[in-house]
Structure formats: C-alpha cells, structure tokens
Amino acid sequence: MITLTINGLQTSVEKGTTLLEAASSLGFPIPTLCHMEGLSPYGACRLCMVEIGEGPRAKLVSSCTYPAQEGLKVRTASSRVLRARNMVIELLLASCPQSKTIQDIAAAHNIRRQRFRQEYEDCILCGLCVRMCEEQMMAKAIGFRGRGQNRTVGTPFDIKSDVCRLCGGCIYVCPTCQLRCTYTEPEKAICGGCANLAPPCVEKDQFDDMMCYMTPCVACEIEKD
Amino acid sequence: MNANEIRDIVEKHPSDRGGLIAILEDIQAKYSYLPEDALRLLAEETGTSLVDIYGVATFYSLFSLTPRGKHLCSVCMGTACHVRGAPVIADEFSRQLQTDPGETSSDGEFTLDTVNCLGACAIGPVVVMDGHYFSNVDSGQVKRIIKKTRAGLDDAQIKKHMRHYLYDVNCSRCNHSLMDPDHPIDGAPSIRLTMSSERQHGWIRLSALYGSFTVESEFGIRTSTVLDVFCPHCHGELKSPTTCPLCAAPMVTLFIRSGGVLQICSRRGCKGHMLDLEGAGI
Ligand code: SF4
Ligand code: SF4
Ligand code: FES
Ligand code: FES
Chain D
1 MITLTINGLQ TSVEKGTTLL EAASSLGFPI PTLCHMEGLS PYGACRLCMV
51 EIGEGPRAKL VSSCTYPAQE GLKVRTASSR VLRARNMVIE LLLASCPQSK
101 TIQDIAAAHN IRRQRFRQEY EDCILCGLCV RMCEEQMMAK AIGFRGRGQN
151 RTVGTPFDIK SDVCRLCGGC IYVCPTCQLR CTYTEPEKAI CGGCANLAPP
201 CVEKDQFDDM MCYMTPCVAC EIEKD
Chain R
1 MNANEIRDIV EKHPSDRGGL IAILEDIQAK YSYLPEDALR LLAEETGTSL
51 VDIYGVATFY SLFSLTPRGK HLCSVCMGTA CHVRGAPVIA DEFSRQLQTD
101 PGETSSDGEF TLDTVNCLGA CAIGPVVVMD GHYFSNVDSG QVKRIIKKTR
151 AGLDDAQIKK HMRHYLYDVN CSRCNHSLMD PDHPIDGAPS IRLTMSSERQ
201 HGWIRLSALY GSFTVESEFG IRTSTVLDVF CPHCHGELKS PTTCPLCAAP
251 MVTLFIRSGG VLQICSRRGC KGHMLDLEGA GI
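Just so you know, the sequences run in chain order D and R. Here the first sequence is numbered in the working numbering, starting from 1 and rising by one per residue. Here the second sequence is numbered in the working numbering, starting from 1 and rising by one per residue.
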C-alpha cells in the first residue's frame, strides 16, 4: 500500500493506482477528456492536471497517467491547477467549439470565452477511438498518421479497412462527433440529425467506403471558411 | 514490387519495433518510396498491424509514400537558414521545378523537400541536392543548381578533383580547424577527430591527402564497425543526415577551409566519401 496526501487528506492506495483514481476515491473531482475506464491511460488532453510536490519544486502532472507515490503531496484545485485547466479548456474551445462534450466541460467550469484564433477541427487527437479500436475491439483498424500539425486519425492509406468490424465503437467514444453517435440516446442530441441515420450509422450508403469520422458529419456539418 | 525482395529485406532485420524502421529504410532505398503493396506484405510477414506500420511510415519525413524523383532537393528551412532567406529559395525552386515542397515534378526528375536544420547553419542558407551541399545559396543561383544537377553533379565534380589535393578541414559545428601538424600522415598534417565505439573513446587521425585512406587510431577498430565521430574541440557529434552511397552508414560532415563540404563514411574500412567543392564555387 502507498500512502499519499491529497488536498491535505491522507489516503492509502494500492500500488499502481493513478492520482486520478486516488483523488476520485476521496471524492475530489478532476475533469477528464481523453481518459476512459477500460482503455489504457494516454495523457493527451492535459485537462486532468494536478499539482504535486511543494515549494519551488512543485509541478503540474496529468493525474490520469501519474502513479501514486509514497508520501506524495497532491493538490487538485490549487490556483495553478485552475489556471492551467482553464487554459486547456480555452484551447479545446478554440479548436473544437462544436463539440458537445467540450461545451459541457467549459460550461461546468464557467468558461464562456476563449482568446485564441477560432478553428473548427473534426478531431482533437485524444486517441480514444484508436485505443477503443485496439484495446476493446481488437481490430486495430485505425491509428494515428503523420506528425505534429499534420497528425490525423484514420485508416492506412485512407481507404476502407478490411479489419474494421463496423462496430461504431470509435464513433461512440469520440468527444468531437457526439452529435453523430448519440443516436442511441436521441434525446441528448442537439439537432437530432444523427438520429435519422440508419443504425449503425457506419453502414449508410455514403459511408460505405470510409469511416464516418473521416468526412464532415452530415448531421452537424458546419460551414468552414 | 517484388515479393521476394521484400521477404529478403524482412529476414535481414529483427522483427521488433526497432527493426521496422530499418526494414522501411531498406524498402525505401530499393524503390525510392514505400509502395502500398510492400507495406501490406510487410504487415503479413512480420505480424505487425498495418496501422502501426503506416503510422511509422507517415511519422518520419524521411519516408515517402509516393514515388520520388530522380533527384532529391532539400532546402533547409531551419531557423538560421530561414532568417537568411530560405523561404525565398524554396519558392524559387517551386517555381523553377513547377512543384510544391514535398512533391515531385511532373517529369519525375526532381523531388522538392524542405527540412529543418541540416546542422550546417554556419554556411546557410543550405540546399542539399542528392547529398551535395550548396552553401550560401541565394535565389539567383537556383537555376544554375538545377542545371548542374540535370547535367550530373558527379560528372561536374570529377573534373575538379585534383590528383594531389590536400584537404584542410574545419569542424562543421564549431568551425575550429581539425588539422594536426604535430602528427603528419602521408607527409602532411593529419585530420584529428575523436571517435567512440563499443565504450572505447580515443583519437583517430586521417590522411589529408585526397585518395589516400590511411588512418591511425588510438585503439584498434574492427573493420566495418560504424564509429561515432566527434570534434576534439567542441565535442559535438559530426554525424550528417546523409547516408553513405556505398554502405548506407551515416556520413560525417567536415567543412573544407577554402569552401565546400567533405563527407566521409563513418564505417571503418568503407571508402565512401563525397567531396563537394561545387557548393563553394557556385
Ligand atoms: S468501427 Fe471499425 S474502426 Fe471503429 S472501433 Fe470498430 S473496428 Fe475499430
Ligand atoms: S476522432 Fe474523436 S475519438 Fe478519435 S482522436 Fe479524434 S477526437 Fe478523439
Ligand atoms: S484525462 Fe488525463 S490527460 Fe486527458
Ligand atoms: S538552419 Fe539550415 S543548416 Fe541549420
């Protein structure tokens, strides 16, 4: 067992427990985006930042990937954490304002504006779909391609994958195409367009040759200039 | 693409992740790009999923998924070259070759690429054409560089090789002279470098005489080991991104005092080298 202090409260956790798990077991809320139970930790979105250590050596780490350590002092809501978290939310809003998930997170943190150049990305590269496909569906049909600002998610050579199971799992977990994949819970969708797609939506004619997330969504297609 | 050729390449390398890059390098060396069929076959042969292979192939700018031209032209866009006008040079190449950076001209002759810092900032802006360095390039020279390449860079070079040419070289990083008059080889000051291999570290001295491959070193090195070579003054590693035309080991870059670049193969016993006086003269 490992003993650590979170927001002044002492707790003991099993070896290998992440700070995120330790904090949630004590009831301290930490927002997450790229973390999902059942998928391996990835640490892409940086929304779950917490502060560890003390004094000048204190630093920010992503709690979903950081394992608990003996005697560690963790703060989940220090002013530094809040500043970093708000910044991450603003950046997410800047790249993908149409995402219901991101809108919800922003609303929950009372963020109503962002200061950066507005973009309308289809993907925030959280890697949820890639991990879903590999770890839960054992398909490995999609993956990351390219590097830096050219990094995208998709199938090799951008053609229909012959190992894809058409399970729709990738679309279901995607935080930016929620409008498309809420067809299982139509009352949650904003425009309802997705509910009109014959489930599973990936089998609709126009998506026959490619995975759904690779084209602008028919339901939520937004004007990009 | 020939399936057996791919199988031969696969067999030569370990089948782990590190081996994958080596395999891709070899395939690219053979076909000048990574054909889709080759990658599919590679996935089958190694049991690595196509997604992973494709991810690696698109991650490194070294790999190309489309056929490359006969000549590869890399314009350095690193910070130092950038401030000295590299974008204008890249634009001029684009215009002359009628192709965008990253693409191949329609006659299949030239592939234009931009790269980030070739480690030769002191002589920037730098353009590398088929492994030949052109230094202090300005946009007015672009046309001539292309013309020379079409005529054949190697032909142009041989004429310049003098029988008794003596190198006088500097470190490509700190520009300090590497010549060692206290330790002559072939009757001339030798080129002194530091080498390391298999945890041994020591000096190595090369003959400065063009055409002589005499080498003396602090400890014996087995033939065909690839050495890590450093400058004895700034201790910077002198590895260049170019690979040896004979054995594909990394080359070591040295600057020639009077202008130009000399690249020698880092593999003991390999005579691969590229002498580039053109860059200076142009
Ligand atoms: S639909 Fe295809 S790509 Fe998406 S998770 Fe399922 S198997 Fe993977
Ligand atoms: S497609 Fe969706 S789930 Fe996949 S990486 Fe992009 S945002 Fe994440
Ligand atoms: S949830 Fe931890 S980095 Fe995304
Ligand atoms: S910036 Fe061009 S060689 Fe370094």
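Keep in mind the hints are simulated off the structure, nothing from the lab. The structure presented is a predicted model; accordingly, all values stated were derived computationally and were not measured. Just to be clear, a hint being listed does not mean it is correct.
Said to hold, decoys possible - Pulled a few chain D residues facing chain R out of the computed Cβ check, cut under 10 Å: (1) S40; (2) Y42; (3) R131; (4) E135; (5) Q136; (6) A141; (7) I142; (8) R151.
Beta carbons are placed, not taken as given, at the ideal position from N, Cα and C, and that holds for glycine.
Status of each hint after checking the structure:
{"no.": "1", "hint": "S40", "in the structure": "15 Å, violated"}
{"no.": "2", "hint": "Y42", "in the structure": "15 Å, violated"}
{"no.": "3", "hint": "R131", "in the structure": "12 Å, violated"}
{"no.": "4", "hint": "E135", "in the structure": "13 Å, violated"}
{"no.": "5", "hint": "Q136", "in the structure": "15 Å, violated"}
{"no.": "6", "hint": "A141", "in the structure": "7 Å, holds"}
{"no.": "7", "hint": "I142", "in the structure": "7 Å, holds"}
{"no.": "8", "hint": "R151", "in the structure": "9 Å, holds"}
Violated hints, listed in ascending order, are 1, 2, 3, 4, 5; each of the other numbered hints is respected by the structure.
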